[in-house]
Amino acid sequence: MPKTGSRISHLVEALPPSGIRRFFELVEQMPEAISLGIGEPDFVTPWRVREAAIFSLERGHTHYTPNRGTKQLLTELARYLSRRLGLEYDPETELLITIGASEAVDAALRAIVEPGDGVLIGEPCFVSYSPCAVLAGGRAIPVVTRVEHAFQLQPEELAEADDGGARVLMLSYPSNPTGAIMTPEALHGVVQYARDRDLLIISDEVYAELTYNGSHTSVAAMPGARERTVLVGGFSKAWAMTGWRLGFAAGPADIIAAMTKVHSYTVMCPPTTAQEAAVEALRACDDAVEEMRRSYNQRRRVSLNRLNAMGLECFEPKGAFYAFPSVGRTGLGSEEFAERLLREEKVAVIPGNAFGACGEGFVRCCYATSMELLEEAFARMARFAARASG
Amino acid sequence: MEEVLQLLAEDARLSAAQIAERVGRSEKEVRTAIEKLEAGGVIRRYKTVVDWEKAGIEHVYGFIEVRVSPERGAGFDAVAERIMGFPEVHSLYLMSGTYDLLVVIQGKTMREVAFFVAEKLAPLEHVLSTATHFVLKRYKVDGDVLAERAEVKRLPVTP
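Residue numbers (the working numbering), protein chains in the order written: chain B, 2 to 391; chain H, 77 to 235.
The following block holds chain B by itself, in its conformation from the complex (with noise of 0.2 Å):
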């Protein structure tokens, strides 16, 4: 018999679990606890989305589409990041649905990858590139980003962190958990970093609708960009979509190929329903998008003002729906300040390390809920704040 573990590959029994999944056990005890700590919209998918999904299903439209996703899919998806971002991409080669935008970044990084690449993650982000990158083969290499930089990605912190073997470059602007984005000034030097170092860019956009003082710049819109970027996007966030797992890959053809082949042996073809569905949200949606957006602005600024106003200094958030203030004025760290916080004033925040060591002194809450509920939560954080302050 072998012995315990063992028949478990190394290199998934060395990832670590997310730190997130710690709290969320924590949390779960507690089912009143009022949680800042989800990661997706409060709203339900637009009703005329989910009409589109039941009429689908009473068509009998059950069965699998090509692996790339359905024509109708594919050109309506080329159309609206022309319409929105400027971008022009072949709906027959250079695109790509996914299941969720998580599948197009594990399919990109499969794709281009060799082993012990080094792929370069701007951290805090999103829990999930570092051990996509790990599985895919390569060596995730953390490059920090800093509150004095409002968490832009900077070309100097990139070069620090490389080591020479970095062939791919992570980048995920409006960030989760910082909730922070790159200026066209910010991108221009790292499109530059990148193209110096011939490293190919996996730009995860999935919030690119969710942007408070102007709108969004796609990396792939940087000149010299596009020919070296996957861009990632999906449905979840601005359509409120996160159960139908739907999402999508643009890029330049031999990679979306790549990416293609990956995809077609791991998943065959996302949900057909759920690709009927993102139609509708593509063409008669942009109306339910802007309420949506004006819903969490209006919740941004109240959560940043009442984080502040505690004196947990929070840097302004412009994109996503989340705020990520600093916890140091309590002196305690993001796990303590968190775990406290949870047992003493039944309210969930995630600690900022779960997202990368640098995001360590910073707690993430996510303002995408309720006003009533947002206000409570904050008088309790504020109550504990000063006590933990002393």
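Simulated from the structure, these hints should not be mistaken for lab results.
Model, not experiment: these values are computed from the prediction.
Every residue, glycine too, gets a C-beta built ideally from N, C-alpha and C.
It is possible that some hints are incorrect.
[As the list claims (entries may be wrong)] Pairwise CB distance ranges (calculated):
1) H/ASP220 / B/THR63: 34 to 40 Å
2) B/ASP199 / H/LEU231: 38 to 44 Å
3) H/GLU111 / B/ASN309: 27 to 33 Å
4) B/GLU361 / H/ALA85: 43 to 49 Å
5) B/PRO67 / H/GLU103: 51 to 57 Å
6) H/LEU231 / B/GLY225: 39 to 45 Å
7) B/SER19 / H/GLU78: 40 to 46 Å
8) B/THR63 / H/ALA190: 47 to 53 Å
9) H/ASP220 / B/LEU16: 47 to 53 Å
[Said to hold, decoys possible] Pairs of lysine to any residue, SDA-like flavour, derived with a Cα cap of 20 Å:
10) H/LYS196 / H/ARG225
11) H/LYS229 / B/TRP48
12) H/LYS229 / B/GLN30
13) H/LYS216 / B/ARG51
14) H/LYS184 / H/GLU164
15) B/LYS347 / H/LEU231
16) H/LYS130 / H/ALA207
17) B/LYS347 / B/MET31
18) B/LYS347 / H/ARG230
19) H/LYS104 / H/GLN82
20) B/LYS347 / H/THR234
21) H/LYS229 / B/ARG22
22) B/LYS262 / B/THR273
23) H/LYS130 / H/LEU222
24) H/LYS229 / B/GLU33
25) H/LYS229 / B/ARG388
26) H/LYS216 / H/SER167
27) B/LYS347 / B/GLU26
28) B/LYS347 / B/ALA383
29) H/LYS229 / B/ASP43
30) H/LYS229 / B/LEU375
31) H/LYS196 / H/ASP153
32) H/LYS216 / B/GLU377
33) H/LYS229 / B/GLU377
34) B/LYS347 / B/ARG388
35) H/LYS229 / B/THR94
36) H/LYS104 / B/ASN306
37) H/LYS229 / B/THR243
38) H/LYS104 / B/ALA383
Fit chain H to the known structure of chain B by using the hints.
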């Protein structure tokens, strides 16, 4: 401005300070804007959405299709004026199609509504005919869904 109106239409009890914070303006700016909207008649008044049934106070709604002969010079407005004066008239619309006026009557009982139609509405000069439809159940009123629905739950923590 539109955002201020939307917020107030959703919750009339929001203070100027609360609205100002949400829309990213000063309290004074918002207060001035609201006063102007009130003075200009854009904001007519502030009222409460009540589920009367839940309060145990029964209301009966009748939708009355009314065909009228328009008056020379005054069109439908003169007869509409007569009709809308009755407090029992909840809403009144001029319609395209097979009838002219849609009168919504609110009463305590069907009998009360029927009597109103028979005694006040039908005999009015220029009214040619009426057809009364009673509301059996109100599902959605002025954008508010009245039916109770189970709360949609999210996982407490997600990445």
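Original post:
If you draw a straight line from the CA of H/LYS130 to the CA of H/LEU222, is it 20 Å or shorter?
Top reply: This hinted pair holds, its Cα atoms lying about 10 Å apart.
Subject >> Restraint status (C-alpha distance of H/LYS229 to B/LEU375 at most 20 Å) >> reply: Holds, at roughly 17 Å.
Original post:
If you draw a straight line from the CA of H/LYS229 to the CA of B/ARG22, is it 20 Å or shorter?
Top reply: 19 Å, holds
Subject >> 20 Å limit on alpha-carbon distance, applied to hinted pair B/LYS347 and B/ALA383 >> reply: Holds - the C-alpha atoms of B/ALA383 and B/LYS347 are around 13 Å apart, at most 20 Å.
Original post:
Is the hinted pair H/LYS229 and B/ARG388 satisfied, with a Cα-Cα distance of at most 20 Å?
Top reply: 32 Å, violated
Original post:
Taking 20 Å as the top limit, are the C-alpha atoms of H/LYS104 and B/ALA383 close enough?
Top reply: 27 Å, violated
Original post:
Given a hinted range of 34 to 40 Å, is it respected by the beta-carbon distance of H/ASP220 and B/THR63?
Top reply: 36 Å, holds
Original post:
When you check the alpha-carbon spacing of H/LYS104 and B/ASN306, does it fall within 20 Å?
Top reply: 18 Å, holds
**OP:** Confirm or reject the claim that B/THR63 and H/ALA190 have a C-beta distance inside 47 to 53 Å.
**Re:** Hint holds: Cβ distance 51 Å, inside 47 to 53 Å.
Original post:
Does B/TRP48 lie within 20 Å of H/LYS229 when you go C-alpha to C-alpha?
Top reply: This hinted pair holds, its Cα atoms lying about 17 Å apart.
Original post:
Holds or violated: H/LYS229 with B/THR243, Cα cutoff 20 Å?
Top reply: 13 Å, holds
**OP:** Evaluate the given range 27 to 33 Å for the C-beta pair formed by H/GLU111 and B/ASN309.
**Re:** 29 Å, holds
Violated hints, in rising order: 10, 16, 25, 32, 35, 38; the structure is consistent with all others.
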